[in-house]
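Here are the chains, one letter per residue:
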Amino acid sequence: MSTAPVLEVQGLVKHFPILGGLLQRRVGEVRAVDGVSFSIARGETLGLVGESGCGKSTIGKVVLKLIEPTAGRILLGGEDVSSLKPGAMWAHRRRIQTIFQDPYSALNPRLPSGTLVGEPLENFGLARGAELGERVAKLFERVGLRPDAMRKFAHEFSGGQRQRLGIAKALSVNPDLIVADEPVSALDVSVQAQVLNLLIDLQEEYGLAYLFISHDLAVMRHISHRIAVMYLGRIVELTTKRALFEGHLHPYTEALLSAATAPDPARRKRRRRIVQGDVPSPAKPPPGCHFHTRCPYAIAECRTLAPPLIEVAPGHHVACHRRPVGGGPHPLSTTV
Amino acid sequence: MTTLADTAIDPPRRFSLGTAIRRNPTIAFGGVLLAILVLVGVFAHLIAGDPLRLSPVNRLRPPSERWWFGTDQFGRDVFSRSVYGARVSLIVGISVAAISCVLGLLLGLVCGYFRRVDAIVMRVMDGIMAIPSILLAIALITLTRPGLTIVIIAIVIPEVPRIVRVVRAVVLSIRSQPYIESAIAGGTKNAKLLWRHVLPNTMAPLIVQGTYVCASAMLIEAGLSFLGAGVPPEVPSWGNIIAQGRTFFQIAPWTILIPGAFLALTVLAVNLLGDGLRDRLDPRLARRL
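In the order they appear, the protein sequences are chains A and B.
Using this note's numbering, read the first sequence as starting at 915 and increasing by one per residue.
Using this note's numbering, read the second sequence as starting at 36 and increasing by one per residue.
One should not assume that every hint holds.
[Said to hold, decoys possible] Below 20 Å or equal to it, Euclidean Cα-Cα: the simulated SDA-like pairs (lysine to any residue) are:
{"no.": "1", "chain 1": "A", "residue 1": "LYS975", "chain 2": "B", "residue 2": "GLU216"}
{"no.": "2", "chain 1": "A", "residue 1": "LYS999", "chain 2": "B", "residue 2": "LEU229"}
{"no.": "3", "chain 1": "B", "residue 1": "LYS227", "chain 2": "A", "residue 2": "GLU1036"}
{"no.": "4", "chain 1": "B", "residue 1": "LYS224", "chain 2": "A", "residue 2": "LYS1066"}
{"no.": "5", "chain 1": "B", "residue 1": "LYS227", "chain 2": "A", "residue 2": "ALA1041"}
{"no.": "6", "chain 1": "B", "residue 1": "LYS227", "chain 2": "A", "residue 2": "ARG1008"}
{"no.": "7", "chain 1": "B", "residue 1": "LYS224", "chain 2": "A", "residue 2": "PRO1000"}
{"no.": "8", "chain 1": "B", "residue 1": "LYS227", "chain 2": "A", "residue 2": "GLY1001"}
{"no.": "9", "chain 1": "A", "residue 1": "LYS999", "chain 2": "B", "residue 2": "PRO235"}
{"no.": "10", "chain 1": "B", "residue 1": "LYS224", "chain 2": "A", "residue 2": "MET1003"}
{"no.": "11", "chain 1": "A", "residue 1": "LYS975", "chain 2": "B", "residue 2": "PRO235"}
{"no.": "12", "chain 1": "A", "residue 1": "LYS975", "chain 2": "B", "residue 2": "LYS224"}
{"no.": "13", "chain 1": "A", "residue 1": "LYS1066", "chain 2": "B", "residue 2": "PRO235"}
{"no.": "14", "chain 1": "B", "residue 1": "LYS227", "chain 2": "A", "residue 2": "LEU1040"}
What the hints contain is simulated information worked out from the structure, not anything from laboratory work.
Using the sequences and the hints, build the whole thing.
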């Protein structure tokens, strides 16, 4: 097994054209993803967190090559797949699978669940006939479903069970990486925990890596090893889970954590930092640092110059002009 | 293992005709009416006498015991002619619906799925839709020998775009469903994706649209025959019968009213069936099975 990261993304850009006028000319673009780089090691979970519209789901789809990147490189196990045409991409799809947010609409209502779960196996010629049935039955058991449910249709399952079907399908071809786009946000909290624990178990068992997209910090805290915080198409902070929750450096991360409810009542007394105003439109992002319009610490430089993502401490990257230099104490004196 | 499987599957519901009719009265009514008309058409030679036999002595006789629906200006039995007319209408209606559904489905799938082909094909379809269908049919038929085949072809051409539009719209909406992305991410290739995931979902609207095309084809055929541009005048089609009875309408209204009623009834049956199927097959409505 190579030591190359399972997934490496370099300077990923995805702009969606805005068409307008009588001739449907390009009148502008939505900068959904605006220069994002990260990598995921084998068996690691990278959480991608941010509010809605910040581009996290777009990253997931671009990485899966369900939509084409505008610029940047996507390396799957060291191989550049970013410019591959759909036909050439096919061979790589076995290594990167996905779990969708809404487990109901991600399952074709007209096919029995066993057929859906076994479809990737069939597509890649990994099993057929009786062997296919056996492998699908094993997958059902592995994700905690009864194998005889294979004949049932998607609408006959509960939400949590449907998500288990989605996981079984993703798992079927033994991928290296699973892109999980808000896989538990449509589920009840009690079911969320079951599904998350299943994902963690599977990770340990098969050495899976996850790109885990969510807006829910509690979920992130449960499953992620490292977390990237996104704001308006850019990563503003990327670090380990522990460093993020206990020593975050970016004002946006601070606001995000402050807005989330703390499980510990003693902590609820801390000062809340609620950011003012709305997220600017990704069609017209502000110049400089995208967050400067809402940042309580913004200085003149922030309005003109976009701060690069810089490693301020080992493994701790932050994109802020007011970051501490040389890893010293942070000028914002964070809340924890 | 088998016991587990047995308990997990719901016991099969027994089909009850009464329940089926109560739940879908329009399908039942339209279906039964259409079935009767199809049987009439198929067994016309057993039900009715010779539709072409002239009997100049018995011209323009009103409906009576001997001539149920009266006779026309040549003494031909209007009942026999109307019964045989069902054949022409049903053949035209069903073959136009079948041919335009197959062509429309293929073009619609390709247009909805391959966006580059779409731009070209849909402009051609728009062009065809801009031509009045009766005029196109008259033009085509005057260019060739009149006959059933050319009538069918002449009606299929303007009907195909209607089917293409419906199928294309359905394919476009299915394309954006997460389960299509999920299938692509799972390595499903184009042909299989279309066949397994897209095609089954287009069937319901296709069948419904097909019934409307069938009804409108029968009306266009009658219109063409009435104008003398349809099937040859010796073939008893409803349009022909009405056209020939036109001049005697005031003294022998049955020559027009009877075939007209047949036509209206058939179109009504097909439309009722289509409406019923639309309500029944629409996935947005609650499944009442």
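Hint by hint, here is what the structure shows:
1. LYS975/A <-> GLU216/B: Holds: LYS975/A and GLU216/B sit about 9 Å apart, inside 20 Å.
2. LYS999/A <-> LEU229/B: holds (19 Å)
3. LYS227/B <-> GLU1036/A: Answer holds: LYS227/B to GLU1036/A is near 11 Å, not above 20 Å.
4. LYS224/B <-> LYS1066/A: Roughly 24 Å separates the two Cα atoms, so the pair is violated.
5. LYS227/B <-> ALA1041/A: With a Cα-Cα distance of about 17 Å, the restraint between LYS227/B and ALA1041/A holds, given a limit of 20 Å.
6. LYS227/B <-> ARG1008/A: OK: LYS227/B and ARG1008/A at ~17 Å, within 20 Å.
7. LYS224/B <-> PRO1000/A: Status holds; Cα separation ~9 Å.
8. LYS227/B <-> GLY1001/A: holds (14 Å)
9. LYS999/A <-> PRO235/B: Answer violated: LYS999/A to PRO235/B is near 27 Å, above 20 Å.
10. LYS224/B <-> MET1003/A: holds (11 Å)
11. LYS975/A <-> PRO235/B: violated (26 Å)
12. LYS975/A <-> LYS224/B: holds (18 Å)
13. LYS1066/A <-> PRO235/B: With Cα atoms ~18 Å apart, LYS1066/A and PRO235/B stay inside 20 Å; holds.
14. LYS227/B <-> LEU1040/A: Holds, because 17 Å separates the two Cα atoms, which is no more than 20 Å.
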